[in-house]
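Each of the two chains sits in its own frame; use the hints to bring them together as a complex.
Residue numbers (my numbering), protein chains in the order written: chain W, 1 to 515; chain V, 516 to 1132.
To be clear, the hints were calculated from the coordinates, so they are not data collected in a lab.
In this text, all values refer to a predicted model and were calculated from it rather than measured experimentally.
Among these hints, one or two may not hold up.
[Unchecked claim] Residues of chain W clear of chain V, computed beta-carbon distances all greater than 12 Å:
#1 L12
#2 L19
#3 V27
#4 L40
#5 G45
#6 I74
#7 V81
#8 A182
#9 A211
#10 T215
#11 M223
#12 G228
#13 P290
#14 S428
#15 G461
[Unchecked claim] Now the in silico label distances, taken between C-beta atoms and shown as ranges:
#16 G469/W <-> S1103/V: 45 to 55 Å
#17 V502/W <-> L1075/V: 32 to 42 Å
#18 L188/W <-> L1079/V: 33 to 43 Å
We put the CB at the ideal spot given by N, CA and C, even for glycine.
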Amino acid sequence: MALIWLILIPFLGGLACWLGERWGEGVPRWIALGSMLLVLLITLGLWWQGDYQWPAGAEADAVPWALEWRAPWIPRLGIAVHLALDGLSLVLVALSALLGVLAVLCSWHEIRRRVGFFHLNLLWILVGVVGVFLAVDLFLFFAFWEMMLVPMYFLIALWGHSSATGFSRIGAATKFFLYTQASGLLMLVAILGLVFAHRAATGELTFSYMALRETPLSGEVAMWLMLGFFLAFAVKLPVVPFHGWLPDAHAQAPTAGSVDLAGILLKTGAYGLLRFVLPLFPEASQAIAPLAMGLGLVGIVYGALLACGQQDIKRFIAYTSISHMGFVLIGIYAGTELALQGVVLLLVAHAFSTSALFILSGQLHERLHTRNLGEMGGLWGRLGSLPGFMLCFIVASLGMPGTLNFVGEFLILFGSFPVAPWTVAIASAGLVLAAIYSLLLMQRVHYGPPRGEARLAALDGREYAMLLGLLALVLGLGLYPQPLLDTAGPAMQEIPRLFDEVAMPSSTAVPPGES
Amino acid sequence: MIATLPLTFLLPLAGTLILAFFGARLGARGSAGVGVSSVALAALATALLAHAYLAAPEAQTLTLWRWIAVGDFQPTIGLRLDGLSLTLLGVITGVGLLIHWFAAWYMHGEEGVTRFYAYMNLFVASMVLLVLGDNLLLLFLGWEGVGLCSYLLIGHYYRTAANVRAAFKAFLVTRIGDAFLAIGLFLLFRELGTLDIAELLRRAPERWAAGDPGVELAALLLLGGALGKSAQLPLHTWLADAMAGPTPVSALIHAATMVTAGVYLVARLHGVFLLAPGVLWLTGAIGALTLLAAGCAALAQTDIKRVLAYSTMSQIGYMFLALGVAGFEAAIFHLMTHAFFKALLFLAAGSVIVSCHHEQDLRRLGGLWRRLPLAYAGFLVGGAALAALPLVTAGFYSKDAILWQAFAAGHGELLLAGLLGSLLTALYTLRLIVGIFHGAAGSDGARRAESGKGLAHGLPLVSLMLLSTVLGAWIEPPLAGVLPAPQHGPAGWHLALEVLAGSVALLGIALGAWLFLYRRAWLAERVAQGRGARLWRLWHHGWGFDAAYEGLLVRPYRGLVSGLRGDAIDALGQRPARLAGWLHGALSRTQGGKLRFYAVSMVIGATLILLVMVAAA
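Looking at chain V on its own, in the form it has when it is part of the complex (with noise of 0.2 Å):
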């Protein structure tokens, strides 16, 4: 069974070189078919896999050859399936098999459908990678693959310069987040003498006592490239710009699959991170800012993309937060039901845009709840998933699970910013509902709005319904054995947490419904000026980064490099060329032809001579 396993990367890949060799002949209608159907073979092959993998969970390592082989370096082209790469396997096929398919419907008449689909494949392919390898730096090459891949679906659009500088953004800032898991892997194998996973994992104790000032610091690099991928503070910015790329890469990129490998990558190399209980905190910590921070800009967006990007950030947050307590599976069971939700919502929104004619400003839709039936019901799965409606949601209970492990962990602090997130989340959730869908439209391109129509229009999105219901929660991750075990709070308490998080919930949704809904006016006036001009002003730009970063690194960087321009080393090196051509000059002036000048300077010179003789006699 194990020999299928190539087969999840082999196929996608085979997909992309299809296109990119034949991808003219075939049409936008065939590419469209390689695309899909390429991914649809890998989901297969996982499903089989998942299938014999559950009759008998075992973990298992298949090396297909050996990659360099320099004494002790000897990293391998090898595969390893276990629950939480058979998790993410799952996620990544399966929802990325729904993305693909709608992108079938959203990417109908535009250019580039070729190279849209032959990046998205070869992303698929590099995501596996990066979840299947058993060693470090098969896991950095799918994880350098990905972000070349988002790079490129980002700027599909490539004759606009603000696409373009969005995703070199995008790229810059997540390799800032690589230069660190660089030097983290530098500095594992120096230590440990390895890059396989496992062995690593076995090594790290023998190595280090926790809290060491080494492991902390290997520890510390790691996060650093987890932050950068999965768009968390500091290095969250590039996410809300990724969204100039087409909706379906948002969906599947930018959403359910690559920002989430930072917390794969804590989760595989969980037994380095509980040695360093400092980082752990950090982990925790950021976690918890990010998830305040991006739930408080995604209120003051207008865009309705932008809207979910920051939610992404925050439920990446949460996330965050999970591994920070220590709480692995909570974590891994939230990325996957978030991948769920999240990927649903970006799909209604995705249909919303292509209904009313590539309009996706909050303030020009409204009122399309009748006429894009489909999109609204999206919306409300999702939206209720994401604001972790209490029983019948599977965000519910991946949400519950972070804040009881919290709990357990006993970290007050952070249960309490993940309650306050909840509050926030149902927050912006309804805002973005209600500005869809209620109210009156804002412009023709809404009033004007046609709903989706076809199977690959349709199917993606009930089947992602679904899944964001309760249903989904069912989905167990097989983590046990994996991962360490969860733990296990004061008894009795789970229930009272559970009735809590719910209330908070259904207090921010009801809270939410009441202003949005009826004190619209009221909340506009309070944003237009003073005060709440500025807060808005302020979570708009996303709590002022971006011109931060501007300021601080870009423009100086700007200036070394125009300041640079002329190559200032190659102009001293011209000085001694420069001389010589001086001297040439002055002295070919003596050579001028004028027989007086010889006549002249021959006397000055014999006078001289004669000088100099009588002197030294």
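This is chain W alone, in the form it adopts within the complex (with noise of 0.2 Å):
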């Protein structure tokens, strides 16, 4: 029942700040806040209550889901409000929820306009993400999926900066649902495919995600269909070719839309490779992993070259971003256990550092009312405590041991070498890389001859607080990442067995006709 829970709070909660901004401006603020507690409080009480080893003794293919909750929704066609939570999904909730509450805290003085709808859009971002994160029905699944855009949409297009050079902010929010939605539609496609070669084979219609992945399919038309499923959660992700849609919008949307696309909406396109490429196509999966590993290079190095070029500091952050996200699609492809694990660690650390930095833009936009490198420069004396927090954050993303974002990476390197040595080699190379970009980004804003004397409103509490919150997590996490690999990890055994499964066959001799 909880799990139902986590959905409507913050659906319910978006209404509620709709209908409440008639009495005030704060009241929009407090209920936002409020219901994204409650989901974290909620998703941390699950965490300490549940149980997410595997059930010793139980059968291999069956999923064990640590919660569930079933409701008919249209039983003709075999759909169903069917929800479940396995650690993945539980960590990458009590994420969501917690960047959910920096959200709202980080646009407390920067939303001026219309706070109410802005509230109810932060709000139901969080529905469709937190759906994303828990459905095992396909079909609801999907729904979830096209939610979490709409919102979104609304946040870049309404609050949104207009910048002098390139996009606008109605363009970039078109470019992002274009992006979104046109590869949504493939998977679409994927999906129907998938439940109709189920029924082909069983005679049984359903879109429930336990009984796809036993679909028998054929090597051509699983290849097919995963590519439907590929497409969408790399233009998510997002994987270099596709990445076009994320530094306009990040560029564009305001801090907490930032927040919320660095933080949250990536991580479900990694969540889908996890949780659906993988299970439910492991041959074909196997079968591109060379290549989806040689886009995880080609994102490394071209989003830390592009990142080098940007004057925009969102859109630096932004390409930092893709540079990232190669590490991850390297690390989900090699399907080592250490790599996986690592997939998640980096998720995580990702989340908690990049937001930062857009928090920390977002202050420095307050302040300044510039987002133009170019115009920054010499600002560690005039700022108080807000460069050293950008300094730790920065040295977080290029993955300083001690953070999480270490851990992370180091964990898909490690894992991955055995699997692919010369990519990792070349994504060592990107170490350096997250070196350059990241150390250019402080001393072009922090560093060099400064361009006034005149002090800047230093950060107040609850700035400071909400950067120091992610610091210890980044930092805490990072010498001792336990909690959530224990969380994680059982669901991250299991891929791994697909792989060598898949692999067996082919090592042991296969008699002829039959492969």
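Laid out in structure tokens, this is it:
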């Protein structure tokens, strides 16, 4: 029952925000904060109580959900409201709720227009995302997948910035919408294809994830269906040729939008790959693994190079995200337990550090009224503790040991090395590139000759607390990541097993005609 | 006793945290107090540990907690105390304390004292973790941590763009080495299934025969990391620029401790390197080359700190040479004595620089020996140790140990390089001392020099002076059992070699004194024109490595960045949008609202349809 509340609370909270605006500007803020905190508390409660280990002696094929909730929806078509939770989804839901709280907090002073509707959108993004992480009925999943888009679109289009160079906020919002919508459509086709293939094989019409996992598919069909899913998730991650929407969306979005985008929305792409693409199509995934890892490499290098050339601080950070997601892609397709655990950690770490950087650029924007790096420089002595925080998060994003980012990145590299040594060797060059763009960002903003002597407003309590909290998480989990590893671990052991099953027949002698 | 081990890094770390959160309230004096006392307490803890260890020398491990546990991947936050880590720990906290204390004098009245001490304390904590880590991942944590602190401290005076650039360069060049080290770690874990150092050294000979390509590759990758951190060819270019930081930083990080981390790494993993004779030879060859190349470059520098920087590279070259001939003990011994005398030289240089109102150009100094007696004494003692003046200095004994190991291992070419290096060392040391303290003062700053006063200025200098003499050489690092025993060469030859090395050093000193005291005008003429000028320029610019890297790496990278700035792939994605926009424009022009246009197009359309129908029929 708790699962449906995770979705209903932000949904109802959003409506309450909208209606509550008439009683004052502050009301929607507090309602939104309260609902986000409630979701966070419920998830943490589930974490505290739940047991995310594999049940001993369970059948190898059964997917052991820690919690399930199910209600009929359209029984004639085999569609149900079916939610389920395992360690992976729990970690990501908790992450979303936490970033949701931060998104509310960081817009406390930034948003002045249509406050109620703004928070409705903020909360409904959470509805969509939590739904995506929990849905195990593919139709429901698709519904939530599409639902994430609309509030995000409004967030960018209505509260975004229009920059003199490049896109307007409407343009950026449209671009975001079209990219995701078009790829989502491909996924819908693939879902339907899978469902019909399943009916053709078993005579049963169902959208249930667990049932569809057992669908026997011929190699070619599996490949096409897999590509449909893959493209949708690749756009969201984003993988390099499909990344065009991200820098524009980030640059034009308000701070809360960027926090949600970087911290939550990108994670749905990785989640989709982990939850659907690999388990539903292990053979086909294995077949494109070298290609996907290659794309990951391209992303690491391309994102890093592009980042160095940006003038807009938010576009800069957006491109570094692309670079980081390259590591995620490599880790996912390496498919070893170590690499996949690293993927989960890097997802969380990236959410923390990148959101913090976006929050910081929002705070810089509030003080300097610019996002242009060319107009910054020498700010170290003028901003109180803000530069110190920025230094910490930049250092985290370059993967300094002691931060969670390091653990994630290195587990991916350690785990992928036995599978793809050359890929990892080249990806290690990404460590150098990360150093280049990270330090470049730091020195363009805070070092060098200052442009004035006047001190700017120091951080207030709310801003300080947000940053300190994130920093504590990045460092604390960086030195003791075991809680995350233990929670997501069992879910992550499944994929290597599936990959091994695929690898097995090819390594032993296969009778002719069978392969 | 082992329980006090974590204090050696926790105390400096606590110092950093206090300074980070309450630094503004503490003020400059308070910050210096916190910064110095945290390291003093760490040094005290080290002294207690050393006392206990020397009474019963037995390696101990203390596991604080398991860092990560996934399958076989089980690195811990575990500390290991043995002779090697204890030696390094003593250098880091002992010399570190003296330098922190001296910095209280040096940084007095400067801006950012709190920040300075916060980073310095963080550096000490990271460096301690680097040497105490019992597994390679924790070592890597310290390794990256010291690199970060080095970056932050080189860029301490962040308002000058050149300092920021120097800091960036230092981080980047060492990070290139770190990437190799990281790949080395991946390889070692894949092959041996562990990152625990003791376990690694046990499994390596079981997995690999000597000379196996796998172990050669692993050793090569580790060496890459060591070269970057220790500023050896070809990754040495950052160290000379790193002198942009405050002088105590140069003393601590870029002379005594961090730059010798590469030597520590190779010595710690000696078991892997001994299995890879090819890479071991390469280590020695790189060391020999660096010691000669940097020695020449040191002869042609005009900034006193850059002379010392090249000298540091050259001396670390000696350590790598020692590693290359499997003289691990000699390398660590030289690491220790070098920490003493090079820290002394840097602090004395800092004393000169502050006394002369931030003048550090050799051509603008001179004649200071009367005005700055303590700094002069420091330079004399430190310089003598650097030039390995026989019998009375610490440097003589450690350098002799290295040459003896090269001889014992039968590496004649490396021995020759070492002897030649001694000559160069003596020459540039004399040039430096004569340039600062003799002749005529070249600037107002030097003429108005005021000697430093106070305990914070005097005591560290005097302590390091004592350590740089033969007293320092009496400290025998307790390395037996941790590192392979030194080789014993042919009996009787050791004394002959000592005499030879001593004479070379004396010859160099005499030659230098003659050249720089009595033949200055002649020298100046030589380097002003013709071949001499070309050689001067080549050495002055450190053999042109910077220019080469600028052309080969930096500029292409910049070109790539500016070429890609517009995101060509995204532009490709915009094509369909552009096409749709164009179609939209073209079609909406047909809806112009002009009746005549509609009528004509209707007639044309109807005609066309009719024609088609007729043709079809």
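Problem - Violations among the numbered hints - result: Result: hints 8 and 14 break, sorted rising.
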